[in-house]
Amino acid sequence: MAQDIHQLIARAQADYVRCIDDGDLAQWPDFFTGTCVYRVTTADNYKRGLAGSMIYAASRGMLIDRIASLRNANIYERHGYRHLLGQPYVVSEDEQEARSETSFMVARIMRDGSTSLFATGRYCDVYVVEVGHVKLRERVVVCDSSRIDTLLALPL
Amino acid sequence: MNIIPIKPARRASITWPSEGLTRVPYTLFQDAAVYADEQDAIFRGPSWSYLCLEAEVPNPGDFRSTFVGDAPVVVTRDTDGELYAFENRCAHRGAMVCLEDEGNAKDFSCVYHAWTYSLQGDLLGVAFKDGIDGKGGMKPDFCVGDHGLRKLRVATLHGLVFGSFSDDVSPLDEYLGEEIVERIARVLDNRTPVVLGRFTQMLPNNWKLYFENVKDSYHASILHLFFTTFQLNRLSQRGGIIVDPSGGHHVSYSAVDHAAEAAAQAKAAGDYADQKIRSESEHRLEDTSVLSGMDEFGDGVTLQILSVFPGFVLQQIQNAIAVRQILPRGTQQTELDWTYLGFEDDTPELREMRLRQANLVGPAGYVSMEDGCVGGFVQRGIDGAGDGRSVIEMGGDSAESSASRVTEASIRGFWKAYRNAMGY
Numbered sequence: 061m062a063q064d065i066h067q068l069i070a071r072a073q074a075d076y077v078r079c080i081d082d083g084d085l086a087q088w089p090d091f092f093t094g095t096c097v098y099r100v101t102t103a104d105n106y107k108r109g110l111a112g113s114m115i116y117a118a119s120r121g122m123l124i125d126r127i128a129s130l131r132n133a134n135i136y137e138r139h140g141y142r143h144l145l146g147q148p149y150v151v152s153e154d155e156q157e158a159r160s161e162t163s164f165m166v167a168r169i170m171r172d173g174s175t176s177l178f179a180t181g182r183y184c185d186v187y188v189v190e191v192g193h194v195k196l197r198e199r200v201v202v203c204d205s206s207r208i209d210t211l212l213a214l215p216l
Numbered sequence: 027m028n029i030i031p032i033k034p035a036r037r038a039s040i041t042w043p044s045e046g047l048t049r050v051p052y053t054l055f056q057d058a059a060v061y062a063d064e065q066d067a068i069f070r071g072p073s074w075s076y077l078c079l080e081a082e083v084p085n086p087g088d089f090r091s092t093f094v095g096d097a098p099v100v101v102t103r104d105t106d107g108e109l110y111a112f113e114n115r116c117a118h119r120g121a122m123v124c125l126e127d128e129g130n131a132k133d134f135s136c137v138y139h140a141w142t143y144s145l146q147g148d149l150l151g152v153a154f155k156d157g158i159d160g161k162g163g164m165k166p167d168f169c170v171g172d173h174g175l176r177k178l179r180v181a182t183l184h185g186l187v188f189g190s191f192s193d194d195v196s197p198l199d200e201y202l203g204e205e206i207v208e209r210i211a212r213v214l215d216n217r218t219p220v221v222l223g224r225f226t227q228m229l230p231n232n233w234k235l236y237f238e239n240v241k242d243s244y245h246a247s248i249l250h251l252f253f254t255t256f257q258l259n260r261l262s263q264r265g266g267i268i269v270d271p272s273g274g275h276h277v278s279y280s281a282v283d284h285a286a287e288a289a290a291q292a293k294a295a296g297d298y299a300d301q302k303i304r305s306e307s308e309h310r311l312e313d314t315s316v317l318s319g320m321d322e323f324g325d326g327v328t329l330q331i332l333s334v335f336p337g338f339v340l341q342q343i344q345n346a347i348a349v350r351q352i353l354p355r356g357t358q359q360t361e362l363d364w365t366y367l368g369f370e371d372d373t374p375e376l377r378e379m380r381l382r383q384a385n386l387v388g389p390a391g392y393v394s395m396e397d398g399c400v401g402g403f404v405q406r407g408i409d410g411a412g413d414g415r416s417v418i419e420m421g422g423d424s425a426e427s428s429a430s431r432v433t434e435a436s437i438r439g440f441w442k443a444y445r446n447a448m449g450y
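In order, the protein sequence lines correspond to chains A and B. Heads up, the first sequence is in our numbering, so the first residue is 61 and it goes up one at a time. Heads up, the second sequence is in our numbering, so the first residue is 27 and it goes up one at a time.
If you're looking for bench data, these hints aren't it; they were derived computationally from the structure. Every value quoted in this text rests on a predicted model; they were computed, and no experiment measured them. Idealized CB from N, CA, C, for every residue including glycine. Among these hints, one or two may not hold up.
To be verified - Here are the simulated SDA-like cross-link-like pairs (lysine to any residue), alpha carbons at most 20 Å apart as the crow flies:
#1 K107/A with N130/B
#2 K107/A with S196/B
#3 K107/A with R224/B
#4 K195/A with D64/A
#5 K107/A with E82/B
#6 K107/A with V221/B
#7 K107/A with V207/B
#8 K107/A with C184/A
#9 K132/B with M164/B
#10 K195/A with K107/A
Stated by the list, open to error - Covered stretches of chain B (chain A as the covering partner; in silico rule of three or more C-beta atoms under 8 Å from a C-beta of chain A):
#11 189-196
#12 226-232
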């Protein structure tokens, strides 16, 4: 059966945002391959080719540590996200991997109910293609704005 | 033209608590009149504000926009190779003359009426100055030389560019004092910094609450639980704080004491063998590369946080080096601009270490994200308590250097410099 890469990516991303917004964050690292890159930066840094990131994980272990720290160590006011994703744009694909870009908007809902547009941007992704599903080998979260309000705790 | 400077009258009337530096009225974080007075007395007064890095404006014509307090400012390098800074505000009707964050320009022309300024901020020309066909035009006595952009004094130190609106402020190295200059040199002397990334964090609190937080060596191991949770604390650390005589600048540092560390490790290993001590926490990092670093400065100092009144921070946390610019944005908001740094001669390994350790700092930093929200907790906590005061007594009531970091001496130092500047 020929796999429709567009559909596989869309399904994986729907699963991904459901995990962050409504699911168990501990499963978030499972969307990535063991050797992977996840980083969060700004469009300005990305355009200039600057490698500094707000979050930079170079392994799935570092993603697990990020969640463990958010749960057990870091202090921040209780809040949640609501992700809205655009359609993935498949930049390139072959049998092993696919590159895609997907725009996102994330609202942040604070414990007192105040809701704001927290971030907009795009995911610049490299997916490893396996039978029936895809996994992220690289996700660069490129935020459109250089500003983060208050802090960035939960992953985007 | 003779100008007699007039000190603006204070808008707010503040009576400082009789206890002195150990009490700070909450109204200072709330009152719009205090905020306006701070702009006059501190940011446009006799102080030095960080503007940018020399490395960000390396070539003739390079410019960079920034702020000193509320005021928009442009830093330029002219064809003479020197640095200049001036207010980003046309002398004609007040429009900004530079609308980019950075770039390279021959001059600055206001888009509104094309008044054009040199890279030093001098007015070069005015559109239709002589009118058209002898009609219209500026008054005959209009003198181009009288209408330049408001200039700042500029001084550099180890690649950092500072500016001041004041003619009375002492030279930068005197303003900072020897100990602070030495500690800046320790990180930046004779090195060419490379910008690794820039991030802006909008803090929901008054600027002074963030500056207090930077100077607060008491909160570090209490609010920031990352190191203790993952048992990364080194008990055998030496360190201390330095508060300069003005009180406004400080350094907090800690270092691994290698001899004590070895002894502690030997003891821990022994204890471990006896199975008398087991770790209480089950939390361990899966990937400790986030912390792997090197003794870049050869002195074992793993942390040096340095602040310069009224709004600059130079941070070294292991190999994560950054400058932070604190910009007031009204009584209840602050812009915190992070510039992450490496150096031109970094090996690829060291550069990767810096990028991984950057996880510790910034808006999402393992040991800094709490600082983004805690100022807001205070700002909201003191709503309705404008007549209340904070209590700052840890380590006594003075604002002096100390071998212990369990002290609020550098916060008291900040208030000492603040009171002095504000006349409170």
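Practice task
With a cut-off of 20 Å on the C-alpha distance, tell me whether K107/A and E82/B pass.
Solution key: holds, 17 Å
Handout entry: Restraint status (C-alpha distance of K195/A to D64/A at most 20 Å)
Key = holds, 15 Å
Handout entry: 20 Å limit on alpha-carbon distance, applied to hinted pair K107/A and N130/B
Key = With Cα atoms ~18 Å apart, K107/A and N130/B stay inside 20 Å; holds.
Exercise for the section: Examine the region 226-232 of chain B for residues whose CB is less than 8 Å from any CB of chain A, and state whether their number is three or more. Expected result: Coverage by chain A holds for the region 226-232 of chain B (5 residues, Cβ < 8 Å).
Practice task
Mind checking the alpha carbons of K107/A and R224/B for me, to see if they're no more than 20 Å apart?
Solution key: Since the Cα atoms of K107/A and R224/B sit roughly 12 Å apart, the hinted pair holds (cutoff 20 Å).
Exercise for the section: With a C-beta cutoff of 8 Å, work out whether three or more residues of the region 189-196 of chain B approach chain A closely enough for the coverage to hold. Expected result: violated (count 0)
Exercise for the section: Verify the proposed pairing of K107/A with V207/B, using a straight-line Cα cut of 20 Å. Expected result: Since the Cα atoms of K107/A and V207/B sit roughly 35 Å apart, the hinted pair is violated (cutoff 20 Å).
Problem - K107/A paired with V221/B [C-alpha distance capped at 20 Å] - result: Cα-Cα ~14 Å, so holds.
Handout entry: Restraint check for K107/A with S196/B, where alpha carbons must lie at most 20 Å apart
Key = violated, 40 Å
Practice task
Compare the distance between the alpha carbons of K132/B and M164/B with 20 Å, and conclude whether the hinted pair is satisfied.
Solution key: violated, 25 Å
Problem - K107/A paired with C184/A [C-alpha distance capped at 20 Å] - result: With a Cα-Cα distance of about 13 Å, the restraint between K107/A and C184/A holds, given a limit of 20 Å.
Exercise for the section: Take a quick look at whether K195/A and K107/A sit within 20 Å of each other, Cα to Cα. Expected result: violated, 25 Å
Taken one by one, the earlier hints fail for this structure at numbers 2, 7, 9, 10, 11, listed in ascending order.
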